[in-house]
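*Asks:* Please build the complete structure, drawing on both the sequences and the hints.
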Amino acid sequence: MQWALLEAIATLMGCVIGAGVIGLPYAIYRAGGLTGAVEIIILGIAVLVLSLYMGEVVLRTSSRHQLTGYANIYLGRAGKFLMAASMIISIYGALTAYTVGVGAALNAITGLPGVHISIGFFCIMALLIFLGLRTVEESELLITSIKTGIFLIICAAIFFSGRLNTAHLVSRSAGLGRLLLPYGVILFAYTGFAAIPEMREELEENKALLKKAIILGMLPCMIIYLLFSLLVVGISGEGTTEVATVALGSLGMGTLILGNLFATAAMATSFLALGLALKEMFQYDYGISSLPAWLLTCVVPIILFLAGINNFILILSSVGALAIGLDGILIVLMHWRAKSRGDRTPEYIINHPRIVGLLLIAVFIVGIVCQVVHYMGV
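Numbering follows my numbering, with no gaps: position 364 of the sequence shown is 365.
A few of these clues could be false.
Below, simulated SDA-like cross-link-like pairs (lysine to any residue); rule was C-alpha separation at most 20 Å, straight line [said to hold, decoys possible]:
hint : residue 1 : residue 2
1    : K213      : L7
2    : K212      : A38
3    : K212      : L7
Label pairs and their calculated CB-CB ranges [what the hints assert, rightly or not]:
hint : residue 1 : residue 2 : range
4    : L35       : L113      : 33 to 39 Å
5    : F82       : V171      : 42 to 48 Å
6    : F161      : I350      : 44 to 50 Å
7    : L359      : S290      : 42 to 48 Å
To be clear, the hints were calculated from the coordinates, so they are not data collected in a lab.
All values derive from a computational prediction rather than experimental measurement.
Backbone N, C-alpha and C fix where the C-beta goes; we use that ideal spot for every residue, glycine too.
*Replies:* What follows is the structure, encoded as structure tokens:
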């Protein structure tokens with residue numbers, strides 16, 4: 002397998018497999034284990050299709066951009082505004098969620114107050130964003146391999162523990178709230194659309210491999226998410242926590258420490274990558290100087306945290322259903338428009354019937370509406 006293909010696969014997996022997976026088991030359990038597992042599969046396929054759509058959009062465009070740039074080309078200023086708004090909302094939500102999550106993860110192994118840990122973590126990450134540290138992005142293949150390896154070790158420890166109880170996977174009564182919770186969390190966990198333009202650059206010498214890289218990058222994510230969620234729910238049951246690794250104490254202190262250090266590392270790397278991306282968007286797309294861009298990036302999440310928005314799962318679910326759902330709608334629209342307005346011949350073409358795109362748009366619209374209705378308590 003070509004090295005460039007491996008790098009592209011690692012880029013996608015590194016972008017997708019992050020802190021979102023840590024919230025999956027709790028959401029899956031609340032929905033009913035097997036019901037949530039079905040959602041993981043269905044939404045995984047939907048995101049795979051969207052990723053292939055985005056790949057074709059990138060290949061139909063001779064110039065290079067990020068998501069907001071492609072939205073501007075094919076959907077105009079309104080499309081760029083919506084994509085930028087979605088990106089800003091999703092990153093603010095993610096940074097707030099990671100601040101909450103790290104506090105819970107390190108509290109589980111240190112006993113220190115979670116709030117104090119969260120504030121300390123946020124200050125360190127804000128400093129690294131200010132300094133522009135990019136070590137994570139420069140070693141994506143290594144980091145992705147390590148993350149995947151730790152995932153497999155944790156899954157193996159759970160599987161061979163002899164404590165799995167399949168009764169925990171039996172479906173519970175499902176209402177709108179129970180079904181919507183995993184929907185948003187799963188969408189959040191799968192999001193990796195921003196990696197696709199970078200994958201094109203990594204495959205510059207053989208762009209025809211982009212389709213293969215997207216498929217080979219997404220399928221392992223689906224399998225890992227499914228295994229991890231079901232195994233954690235199977236061993237924890239009602240004890241499944243919002244930050245999944247906090248519930249691993251029953252497997253011994255070693256597994257608890259490994260799991261929560263992994264969770265902390267995953268959230269820290271995701272925080273850094275997203276924070277830098279948002280800061281640079283403010284700088285390069287909107288002409289804001291470095292210090293104000295850094296303040297815009299970091300002040301909002303800490304204000305949200307200090308204001309009491311500290312429900313890890315609720316944040317992931319909301320961001321997934323609203324912001325990532327909007328991303329999905331815009332990608333379908335860009336795919337349709339790029340087929341007639343693209344300025345180069347793509348290396349692959351997805352010729353799905355239009356009904357497929359309409360169905361995806363309908364799902365995302367329903368998800369957004371249901372999330373709003375759920376908030377309003379209607």
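*Asks:* Taking the Cβ atom of L35 and the Cβ atom of L113, is their distance within the range 33 to 39 Å?
*Replies:* The hint (33 to 39 Å, Cβ to Cβ) holds, given that L35 and L113 are roughly 37 Å apart.
*Asks:* So if I understand the rule, the pair passes when the alpha-carbon distance is 20 Å or less; does K212 with A38 pass?
*Replies:* It is violated: about 26 Å lies between the C-alpha atoms, which goes past 20 Å.
*Asks:* Hint check: K213 vs L7, CA-CA at most 20 Å. Holds or violated?
*Replies:* Roughly 11 Å between the alpha carbons, so the hint for K213 and L7 holds.
*Asks:* Is the hinted range of 42 to 48 Å satisfied by the C-beta distance from F82 to V171?
*Replies:* holds (45 Å)
*Asks:* Within 44 to 50 Å: is that where the Cβ-Cβ distance between F161 and I350 falls?
*Replies:* holds (45 Å)
*Asks:* L359 and S290, beta-carbon distance inside 42 to 48 Å?
*Replies:* holds (43 Å)
*Asks:* If you draw a straight line from the CA of K212 to the CA of L7, is it 20 Å or shorter?
*Replies:* Measuring from Cα to Cα gives roughly 13 Å; hence the hint holds.
Of the hints listed earlier, the one the structure fails to meet is number 2.
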